[in-house]
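Respectively, the protein sequence lines represent chains A and B.
Numbering follows numbering that gives the first Met the number 0, in which position 21 of the first sequence is assigned residue number 20; successive positions increment by one, without gaps.
Numbering follows numbering that gives the first Met the number 0, in which position 50 of the second sequence is assigned residue number 49; successive positions increment by one, without gaps.
Calculated from the structure, these hints are not laboratory results.
It is possible that some hints are incorrect.
Claimed, not checked - Cβ-Cβ distance ranges computed for the label pairs, FRET-style:
(1) A:41 with B:110: 32 to 38 Å
(2) A:111 with B:106: 30 to 36 Å
(3) A:142 with B:232: 53 to 59 Å
A quick note: this is a predicted structure, and the numbers were derived from the prediction, not measured.
Cβ coordinates follow ideal geometry from the N, Cα and C atoms, glycine included.
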Amino acid sequence: MTETTTAPTPPPAAGRPEGDDRLIRRSLPRRLLGRPELGAVIGAAALFVFFAIVADSFLKLGSLSTVVYASSTIGIMAVPVALLMIGGEFDLSTGVLVTFSALVSSQVSYQLTANVWVGVGVSLLVTLAVGLFNGFMLVRTKLPSFIITLGTFLMLTGINLGLTKVISGTVTTRSIGDMDGFGAARSVFAARYEVGGVSVNVTVLWWLGLLALATWILLRTRAGNWIFAVGGAPEAARAVGVPVNRTKIGLYLGVALAAWISGQHLLFSYDVIQSSEGIGNELIYIAAAVIGGCLLTGGYGSAIGAAVGAFIFGMTNKGIVFAQWDPNWFKFFLGAMLLLATLLNAWIRKRAEATP
Amino acid sequence: MNDRAPLLELERVSKLYGNIRALTDVSLAADSGEVTCVLGDNGAGKSTLIKIISGLHRHDGGTYRLDGTELRLGSPREALDRGIATVYQDLAVVPLMPVWRNFFLGSEPVKGRGPLRRLDVATMRATTRSALARMGIELRDVDQPIGTLSGGERQCVAIARAVHFGARVLVLDEPTAALGVKQAGVVLRYVAAARDAGLAVVLITHNPHHAHLVGDRFVLLKRGTMAGSHRADEITLDELTRQMAGGAELAELGHELRRGDPTDAA
Numbered sequence: 000m001t002e003t004t005t006a007p008t009p010p011p012a013a014g015r016p017e018g019d020d021r022l023i024r025r026s027l028p029r030r031l032l033g034r035p036e037l038g039a040v041i042g043a044a045a046l047f048v049f050f051a052i053v054a055d056s057f058l059k060l061g062s063l064s065t066v067v068y069a070s071s072t073i074g075i076m077a078v079p080v081a082l083l084m085i086g087g088e089f090d091l092s093t094g095v096l097v098t099f100s101a102l103v104s105s106q107v108s109y110q111l112t113a114n115v116w117v118g119v120g121v122s123l124l125v126t127l128a129v130g131l132f133n134g135f136m137l138v139r140t141k142l143p144s145f146i147i148t149l150g151t152f153l154m155l156t157g158i159n160l161g162l163t164k165v166i167s168g169t170v171t172t173r174s175i176g177d178m179d180g181f182g183a184a185r186s187v188f189a190a191r192y193e194v195g196g197v198s199v200n201v202t203v204l205w206w207l208g209l210l211a212l213a214t215w216i217l218l219r220t221r222a223g224n225w226i227f228a229v230g231g232a233p234e235a236a237r238a239v240g241v242p243v244n245r246t247k248i249g250l251y252l253g254v255a256l257a258a259w260i261s262g263q264h265l266l267f268s269y270d271v272i273q274s275s276e277g278i279g280n281e282l283i284y285i286a287a288a289v290i291g292g293c294l295l296t297g298g299y300g301s302a303i304g305a306a307v308g309a310f311i312f313g314m315t316n317k318g319i320v321f322a323q324w325d326p327n328w329f330k331f332f333l334g335a336m337l338l339l340a341t342l343l344n345a346w347i348r349k350r351a352e353a354t355p
Numbered sequence: 000m001n002d003r004a005p006l007l008e009l010e011r012v013s014k015l016y017g018n019i020r021a022l023t024d025v026s027l028a029a030d031s032g033e034v035t036c037v038l039g040d041n042g043a044g045k046s047t048l049i050k051i052i053s054g055l056h057r058h059d060g061g062t063y064r065l066d067g068t069e070l071r072l073g074s075p076r077e078a079l080d081r082g083i084a085t086v087y088q089d090l091a092v093v094p095l096m097p098v099w100r101n102f103f104l105g106s107e108p109v110k111g112r113g114p115l116r117r118l119d120v121a122t123m124r125a126t127t128r129s130a131l132a133r134m135g136i137e138l139r140d141v142d143q144p145i146g147t148l149s150g151g152e153r154q155c156v157a158i159a160r161a162v163h164f165g166a167r168v169l170v171l172d173e174p175t176a177a178l179g180v181k182q183a184g185v186v187l188r189y190v191a192a193a194r195d196a197g198l199a200v201v202l203i204t205h206n207p208h209h210a211h212l213v214g215d216r217f218v219l220l221k222r223g224t225m226a227g228s229h230r231a232d233e234i235t236l237d238e239l240t241r242q243m244a245g246g247a248e249l250a251e252l253g254h255e256l257r258r259g260d261p262t263d264a265a
């Protein structure tokens, strides 16, 4: 499901320097060095050992389950954000889009006194429409995606607070916990299952599913080839007939789809939504993708890397609590880790390219 | 061969950008198995000409014929579909992608159906290797990012790609600019290989030495107009160089730059 190599067959003998002239494969360590997520994997392993030492309760199954859950909620968004970044674009509106998606779902169901699945469906359409708006504005205006999605971010922030206040009178939505279909929706978006004595949230399945899908798309489909190309050299891609605009719009739709899943999880974990939630999360998703090896300039990265980046965030977030430190240090650690991981990635890539 | 229309023919083609005449009455012919060189200094209109041939821009006047039928191209994709492939100097490839992914970019083969439709990776790798080998290009590893190849090698891969995808007209934009002598020689060898494979090659260059080595026809551009059109047997390298550089100007420049005679400089 989560294949990491691009080669279909393993190398005949690792590290045979000059044998068969043309059929030679790079040795396994060499090929691993060429993978974008290597830095993140090393970082995640180091961090895991670190927290296992400093926090006594970190290695308990219950704690690990909390860590994986935290990672999955970030990872659901970080994976499509990584694809978007490989495609050479940014999205600053993701954090508030998640909240927006949850708000739409909640308000539609509550105001229409309808089955919650009506709200879920309407929310999907509206959230995808926001993604379409971002993508369409980008290819039409040719403005940087930073500006366009900054605009969307600010507008959605305003809408989230403003509309909720107009409709509900407060900044929190009314509970939809007793409405038809709530239980079913919760089992799809926010259920917890006991697997061998460990509590696993359904978000972990969504996360792994999205990861598998994204990896499949990136490495094994035409669209994946186009994503790398439009991020790496859009003009070259256009010149050989790649549909650059369609690819970019598709990437924004992917991000919106994940925001919808995250939003429904947020709603059905509880039954109310704080309309001010989500601000700042967009940077966490981007940071997870960057830690995972995505280049800010596009054309390079992997979905697996972003998932590992999300895991690093989950570990840090909960590890600090288990180590009984002040949780306010979380952001400091994240920033430091972002810098370290990026430097490590740059160094690894340089080494990998210098000696083919 | 003289009786029928050439494969690609431009007749008195013009292009305006607003009120700037980028190209006026330029004619050019390219036939399969031949190399047509377009020579000109910076600003002579070479880029405009290439953009018209490759479908990035439409011409404003004159006729553009392929196989004797007139066309107006709407997009690079349309040109590609008609067998006109263009290799641009700086945007031929996506540097961070492996050679085999670059080779098939925009025309990837797939296998399977429905949700299992996927890239035929094994075929892509094998075909890349064999197509490059057929053009005489030896690569250690088709998995390496194409950006790790030298500029000459990258041009060669792009040329091999055009040949493999059945291009009939190959347009090369300054393939030897920014290359060393040896590298340029390698690229010219592949230009000849493409010609021998039966393609009509249009080679845009500002280097008359390179042009004269492989060219069958020469079209000289100057400030957006035709400054001359010759067949290879009608013109020597010296004459080509002289015409291109604007002979008299070059002689004067040489005179001006000569050392040790201060009176001349004044």
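- Item | Numbers of unmet hints, in rising order | Hint 2 is the one this structure does not satisfy, whereas the remaining hints hold.
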